[in-house]
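K.L.:
Sequence:
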Amino acid sequence: GYMNFLSFDFFSLPSVSCVFKDYSYMAKHQIFTMAPLFVILLLMMPSVLACSLTKLKIVVVEASVIKELVSAFFFAMLSFLFLIYPAVSSTVLNTFNCIDLDVH
Numbered sequence: 001g002y003m004n005f006l007s008f009d010f011f012s013l014p015s016v017s018c019v020f021k022d023y024s025y026m027a028k029h030q031i032f033t034m035a036p037l038f039v040i041l042l043l044m045m046p047s048v049l050a051c052s053l054t055k056l057k058i059v060v061v062e063a064s065v066i067k068e069l070v071s072a073f074f075f076a077m078l079s080f081l082f083l084i085y086p087a088v089s090s091t092v093l094n095t096f097n098c099i100d101l102d103v104h
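In this text, residue positions in the sequence shown follow this note's numbering: the first is 1, and each later residue adds one.
It cannot be assumed that every hint is accurate.
Restraint-style ranges between C-beta atoms, simulated for each label pair [what the hints assert, rightly or not]: (1) I40 / D102: 39 to 47 Å; (2) L37 / V60: 43 to 51 Å; (3) V60 / D22: 17 to 25 Å; (4) I66 / M26: 21 to 29 Å; (5) Y25 / V60: 25 to 33 Å; (6) Y25 / F82: 21 to 29 Å; (7) C51 / S90: 21 to 29 Å; (8) I99 / S52: 30 to 38 Å; (9) K55 / A76: 38 to 46 Å; (10) V60 / Y85: 33 to 41 Å; (11) L49 / N97: 22 to 30 Å.
Hints are computed from structural coordinates only; laboratory data are not their basis.
Even for Gly, the Cβ is constructed at its ideal location relative to N, Cα and C.
My request is simple: use the sequences and hints to build the entire structure.
P.N.:
Written as structure tokens, this is what we have:
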């Protein structure tokens with residue numbers, strides 16, 4: 001429906017569904033389950049980079065800055081997971097659609 005943008009189901013939006021019309025359900029399933037992992041890895045990069053550069057003594061980053069980066073990472077990650085949860089969960093649960101075989 002017209003409220004799909006709220007659940008971040010971009011495949012159902014008219015302009016996106018035309019571009020991805022050749023995607024099978026399993027391809028959509030894989031994208032919806034793997035893409036969040038890549039986004040979380042990207043969100044993690046600033047804090048990992050600051051910690052790594054400090055431990056290697058290449059750049060000195062204060063502990064308070066590292067704590068702020070880690071805190072910002074967790075806030076961004078949890079916000080992102082909260083926003084994508086409806087679309088990802090419905091995509092994953094659609095894997096288990098029951099089919100009535102009507103066997104007597």
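K.L.:
Are the hints correct? Go through all of them and say.
P.N.:
Hints and how they fare:
no., hint, verdict
1, I40 / D102: 39 to 47 Å, "holds, 43 Å"
2, L37 / V60: 43 to 51 Å, "violated, 31 Å"
3, V60 / D22: 17 to 25 Å, "violated, 51 Å"
4, I66 / M26: 21 to 29 Å, "violated, 40 Å"
5, Y25 / V60: 25 to 33 Å, "violated, 50 Å"
6, Y25 / F82: 21 to 29 Å, "holds, 25 Å"
7, C51 / S90: 21 to 29 Å, "violated, 36 Å"
8, I99 / S52: 30 to 38 Å, "violated, 50 Å"
9, K55 / A76: 38 to 46 Å, "violated, 23 Å"
10, V60 / Y85: 33 to 41 Å, "holds, 38 Å"
11, L49 / N97: 22 to 30 Å, "violated, 43 Å"
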